[in-house]
Each structure stands twice: as structure tokens, then as C-alpha cells.
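Novice: This is what each chain is made of:
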Amino acid sequence: MSVALRLEELLARLPGTVRLGHAPPARVGRDECLPTGLGPLDEALDGGIPRACLSEVRGTGSAGITSLALRVAAGAVARGEWVAWVDAADAFDPVGSLGAGLDPESLLWVRPPDLRTALGAAEQLLVLGGFALVVLDVSPPVATGGPARDGGRAHGPRLSGVRGAHARDAARLVATAQPWTRLARACSRSRTALLALRRDGGASTAASLRLEMRPAEILWDRRGGAPALLRGMRARVLVGRRRGSRRPEREIELHL
Amino acid sequence: MPRVACLVVPRFAVAALHRAEPELRGCPVAVCEVASGARDASERVRPHAPLVEVSPEAERRGVRVGASVAQALGASSDLVVRPLDPVSLAAARAALLEVGASISPRVEIEGGLPSVDPAAATDPRCARGVLHLDVDGLDRLHGSSEGLLAALLYRSAAIGLGGGAAIADRRATARIAAGLAARRGEALVVPPGGDAAWLAPRSIDVLAVVADGRGEPGAPGRRRARAAQAGWPRLRGEMERLGLRRVGEFAALDASSVATRFGAAGARLWRIARGLDDEPLVPVPPPVEIVEGASLEYGETSLEALMFVVRGLVDRLAGRLRMQALACRGLALALRLDDGSRVEREVGVLAPTRDVKSLALLVRAALESDPPQAAIEAVSLAALPDRARPDQLDLFRPAGPAPARLATTLARVAALCGPGRVGRPVPSAGHRPEAFALSDFAGPRRVDEPVPPEGLAAPAIALRAIRPPCPVEVFVEAGRIAYLRAAGFGGRTVAAAGPWRVDAEWWSETRCRRDYWEVQLSDGGVYRVFREADAWWVDGCYD
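Chains as they are written, first to last, in my numbering: chain A, 1 to 256; chain B, 257 to 799.
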């Protein structure tokens, strides 16, 4: 009798609430990755962001997590693949994404009103299949303080659901493991890479890959006595150990 | 020789009721006339109102057409009585017409085009579900005449009506044969050129369904009595006196003696009996709008209870759209309230879909966003049909999701997130830095040659937008930004670049005149701040 069959028999005897846990694929081939287009990172990741897996990118302030996600999305769109950006933080900048090499008109942009809806929308897209990459941005916007002064209304209504009164609930939801496990399971049933952008928080056990970014240097162009220009940044990336990979944790430096 | 098919749905008013309320199938059900001058929904069934149609279960309990509601309830205490609903009746007739149009381009429905006018509902012809189709040559599309009838019956059953169908050379013969077939829900094919031979051994009573002025079972009493004096009962009595029992015996009579004795109506029946009926088909176009509706028994105030009805309407709409290989691009919701007012809402659908769950979610969201101010008496939903999204596969591009599934998922995600929150970003008119719009998403734009990722130019650092811009306190020293303080962040300036001036829409009253800076703070963040009319704002963080 095979082990799998025996396991099924044993599970059948257990109460109905017991289910098999999520097990991400043990090994991911090079063709099963989405290249980031950043040589050192692709090398460290054995080809790029793994498909059919949940990957997390973490970082605070100007750590470069959005730039990295845009870079991966731009590469996928350039190859004609389908990309969705689920923007729970309402922070995606279509005009700025052009500068990052991404054609925003080839992107499905979802602007959920709250985090719970964002998780539901991401799951719907993963279940649909066909998307190469779904970016789920749950990183709260920088300004998480109180409501804007009355002058703020001049620029339109508040759109982000993770600010103000919802911020604490959102933080709790992000820290909960269950939605991430659901998303990871949905990923494993498709060929979609799910890239979650997060600030600091509890470690998620569902992610197959974790990248922790922190800023190393902001690069300003001051050549010839001209006014300064923001040219880019250097970021340090701690590439966490990936499931199924024997590579140890290592830190690399990226030029974004 | 032309061939005509006929589809008959027996007890049509009951069938329409079963379609609207499937849970009543198998129950004793009767449909009564609507009381004139009823002020609200609860007054539409009055004890003296006559029954216009009863289900077989009710008939087995002794309930008869023409009896009053009080008499019927005396005969069967568990009888369910519903008033004749012109809205659901018209929807059922429209659906039946679409079934015919899915088989043949020339279709006629008895009673003309469906109408939700309450006066039209009392017309007995509108309470009948009889469809005539010109099927000349169409049997080859379905393999045989039997195949064509099977397709017709299957589609009729799919919209919840069922019935029986027949094919013959002449319209009247097809109608007679379909009437007989409908009793057992089957299909009959009269061989080509064999109308007269098929009719000959039948009882003379089969001619009743094609006779002029027959006593309509659903007609109001006075009209029924007047028709009985001049129509079929008189002819039937004369035939009986002459000893005519079979159609063949009647057909064997001499033409001139039939005209003399039975008049024009008799002569017409004689031609039908001999298979010489030449009454043409009068085709009507299928309805442009796909509408489903229901009148509620009582004024409804609960959203959950209303959604139960709406889900049924959406389900029936989806079934009709599926039959025509169409999808829904939008919904028009109309509510009649008990204060006499009418509420109309447009429900947008992001991508054409037939997914019942998504469409019901969208209707729910529309109702929740602006609830009606009084109890709801009637609800109707009209679907805006559209072709399902096609997709051309490409040898050199990765395959995306199937178009139908994509449309369904997008509609569902849009229902979750709300209107205007799902799509692809497109530049909008204007020069404001934050200006953009969302458009329909149909996949990535086609590129002639895929660009390898290493071929991309080194990207600029990305901006995380802060929406709406957050007010910020700025301390300026010697003409330079020295310190920033805002809700949630702040710090000493490490480096700054700017200002860059944006002066847009100077011709309008909402002029946008801003000076932008990029500021690196001691907290490690790089922010984009701007000054507009002596106020400072931060609208993004480079990340």
C-alpha cells in the first residue's frame, strides 16, 4: 500500500476539520521563475521570483520594494505576460511606472477599498489563472497618522482603506497567517507568482521566498554644479533561504 | 412543400408562475384574475376573483378553471393562489419567443409581441404559450425533424417552460399535433404531404384548438359566453347532429355543402381537415430588451428577501443570454415602490459576463449604496446584451486566462471592490501629475517583438503615491528646506532637489501651479513634496 493511500485512509478516520497542509513545490526550475532583470538578484534566486509560489518583499521607508516589484512587472509585461497589481495601499503611481519601464496600460490595476477585499480580489485572480504575476501591495502608505486637515479635502476624497480607523484592523489582518496560507495554496494550483509587498511585521510561514530590503544609499546627481537630481538608490537585500533550496541566506546589493 | 413547427406550452400561466417560483412545482397552484382597483399587492387576490388557470395537482383536487378563489380554497385548503402577473407572463412569452428565434429566423407567437401592460395580460391569447416556426430546410441542421424538435423542447425546458412540439406541412395541422403532443411533453412529426391522412382518424374535437371563437378557458366569463354562441360549440353541435365523429368524415363532405351549412368558419375548418390550410405565418422579431421581472406578494423592505427574488431574476436572465450565446454588459434595475413611485438604477458590468453570482453581487451593491425609501412591490431587471469577449491566440505570446472566465472574474472583483476601482490605468485629459483614469482591461497590449528583460533601460526609482496628498509643515532656512514634519513621519533634510514647477490648466478656474521638491530626510525616506498657494503637501515617497 502506498504511503499516499495510507495517509488518505488515516485522514478519513480523523474528524472532518483536519486537512492536509499547504506544501509549496520543493524545487523550482529556472524556467519556472520570473526574472527580475537584476543580475545579482536573479543569480541569488536561481533565475528570479518563483512561479506558483508566494514571495514576500519587505522593507521600510525608501527601501526599494516598489521599485523591485515594478521591475519584475515590467519584465513580465515586456514578454507579453499578464500582470495584475492589487493595490491595497492605493500607492501605485501609473505616471511614475512609465519611468520604471512598465507600460501601465498593459496592467490590471485593482484598487480595493480595504485589506480584506484586497486579499479576496487577489485570491480571485489566482484562482482564475493565466496571470504570470500578481503583485499584492499591503504595505501601508507612509503617512498613517490622523486625518488630514480640512485643507486635504481640496485634493479629493481619501481612497485608501488602510489609513485611520482601519489601520489597526489592517495590521492585524496582515499579521494573521490564515489568509496568506489560502493565497499560497491558490498560487500552487496555478503558475502565477504572487509577490506580496509588506512593511515589517510578523513572519509569514506561508511564503516560499522572503526578501528583506533596506536602503544603503540614495544617489543624487550633482555633476557640473547643476541642481541635484534624484538618480536612484542602492539597496541591500537579504535573500532568505528558499524552501527546497540548499543555498544559505545571503545579502546582496542592488542598484535601483 | 414548406414545413411548420409548433411548440405548445400547456397551462401557460401556471408554467410562467413555476418559472418565476420554481419552489411551487408539484404543489396545487391556481392563477386568478387580478382584482381591478387593487391599492396594493395584498389586495390583488380577492375571494370572488375567477381562476384563469390551474395546475394538474390542483385539478386532481377538484379545483376548476372559472371557479372563484373562495370556491377553490373550499375544495383544496392547501391550494396556492397567485394573481395573474403581467410582468412574469410577458417575460415568459419573451423567453419563449427567443427559444423559437434560436431555432428559426421566422417565428410567430400567438398573441403578438409580449407586453407588460396589465390590460394585455387579460387577453386570453396572451395567456397561451403557442409558438409557430418556419422550419423549412432547417431539419438538416439538426440531423432530422426529430432532432430539430428535440432541440426545441430542450431549449424550452432550459428556460423552465417545457411543453410539446410537432412538425407538419400546414400551420393548423402542426398546431393540432403539438396540442396532442403537449399533453405528454413529447414531439410528433407528421410526414411530409401527409397532413390530411394524419388528421383523418382523429376525433372531430381536435379541431377545437384551431377553430375561430372557441370558448377560451382563460377568457373572462362574458367574452367566453359570446364566443361560445358564435364559434366552435355551435359548429361542434351541428357536426354531432350530422353524425360526424372523425376529421376524415368531415373532410369527405362536399365543399359547397360545407360552406352552405357551416358558414365561413366551417369552410375554414374543412380546408384544415383536408390539409389545405393556407393561413400564413406572421413572423415577429424577438424582443430587443431581455427583461425579467416579478411582482411581490407583499411590499418588501428587507434587502436579503429582495436579493432572493433578484437572484432568481438574474438566473433567468443568464439562461436567456446563454441560449443566444450573449453576455451581459450592464443591468437596468427598476423598482416599483408601494408609495407609487418608481426607482431606476443602472448597474454597470466591467466585462460582459453571464455569471449569476457576480451579477447578483453588483445589483446588491447598487441597492446597498442607495436603498429605496419605501417597500418594494415589483422588481424588474433588464440586461444589456453584448457578445462574449473573443480572443485570438498568438503563437508568440504566453496564453492568458480564457476570455469568458476573465470577464467573470473581473466582474466579480469589480463587484467586490466597487465601481471605478478595477481596470487598466490610462492617461486622462489634463496635465496634473496625479491625473489618470481607469479603462476596461483586456490583457496586455500586443508587442510586435517581445523585449527581453535585460533589454530594458535601467528604471528610475519608483514613487509610492500618497492619496490624497498629506499636508506637511516645512521649515525653510536660508532658502532651503531644512526640516519636514507631517502626521506619521518627519525629520531633518539630508539632501534635496528642486524646485520643478508644474503650471497646468492655467486657463481654467482650477489652475494647478505647484513647485515640486524631492527631499531625503534623516529617517531614511525620500519624499516628494510640493507647494501650492503657500501650503505644503507631500504626495509620494520614493521606494
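To be clear, the hints were calculated from the coordinates, so they are not data collected in a lab.
Heads up, some of the hints might be wrong.
As the list claims (entries may be wrong) - To be clear about the criterion: a stretch of chain B counts as covered by chain A if any three or more of its residues have a C-beta under 8 Å from a C-beta of chain A, and this derived list gives those stretches: (1) 426-436; (2) 651-658; (3) 667-674; (4) 686-699; (5) 774-781.
Said to hold, decoys possible - Restraint-style ranges between C-beta atoms, simulated for each label pair: (6) A:Arg234 x B:Gln580: 54 to 64 Å; (7) A:Glu253 x B:Val758: 28 to 38 Å; (8) B:Gly746 x A:Leu229: 16 to 26 Å.
Ideal Cβ placement from N, Cα and C applies to all residues, glycine included.
Novice: Honestly, do Glu253 (chain A) and Val758 (chain B) meet the 28 to 38 Å range at C-beta?
Specialist: holds, 34 Å
Novice: Count the residues of the stretch 426-436 of chain B whose Cβ falls closer than 8 Å to any Cβ of chain A, and tell me whether that reaches three.
Specialist: violated (count 0)
Novice: According to a criterion of three or more residues whose C-beta lies within less than 8 Å of a C-beta of chain A, is the stretch 686-699 of chain B covered?
Specialist: Check passed, 7 qualifying residues.
Novice: When I compare C-beta atoms, does the stretch 651-658 of chain B have three or more residues closer than 8 Å to chain A?
Specialist: holds (count 7)
Novice: So is the stretch 774-781 of chain B in contact with chain A by the C-beta rule, three or more residues under 8 Å, or is the coverage claim wrong?
Specialist: Holds, because 5 residues of the stretch 774-781 of chain B bring their Cβ atoms closer than 8 Å to Cβ atoms of chain A.
Novice: Gly746 (chain B) and Leu229 (chain A), beta-carbon distance inside 16 to 26 Å?
Specialist: Holds, at about 24 Å.
Novice: According to a criterion of three or more residues whose C-beta lies within less than 8 Å of a C-beta of chain A, is the stretch 667-674 of chain B covered?
Specialist: holds (count 5)
Novice: May I ask you to test the hint 54 to 64 Å on the CB atoms belonging to Arg234 (chain A) and Gln580 (chain B)?
Specialist: holds, 60 Å
In terms of the numbered hints stated before, the structure departs from hint 1 and from no other.
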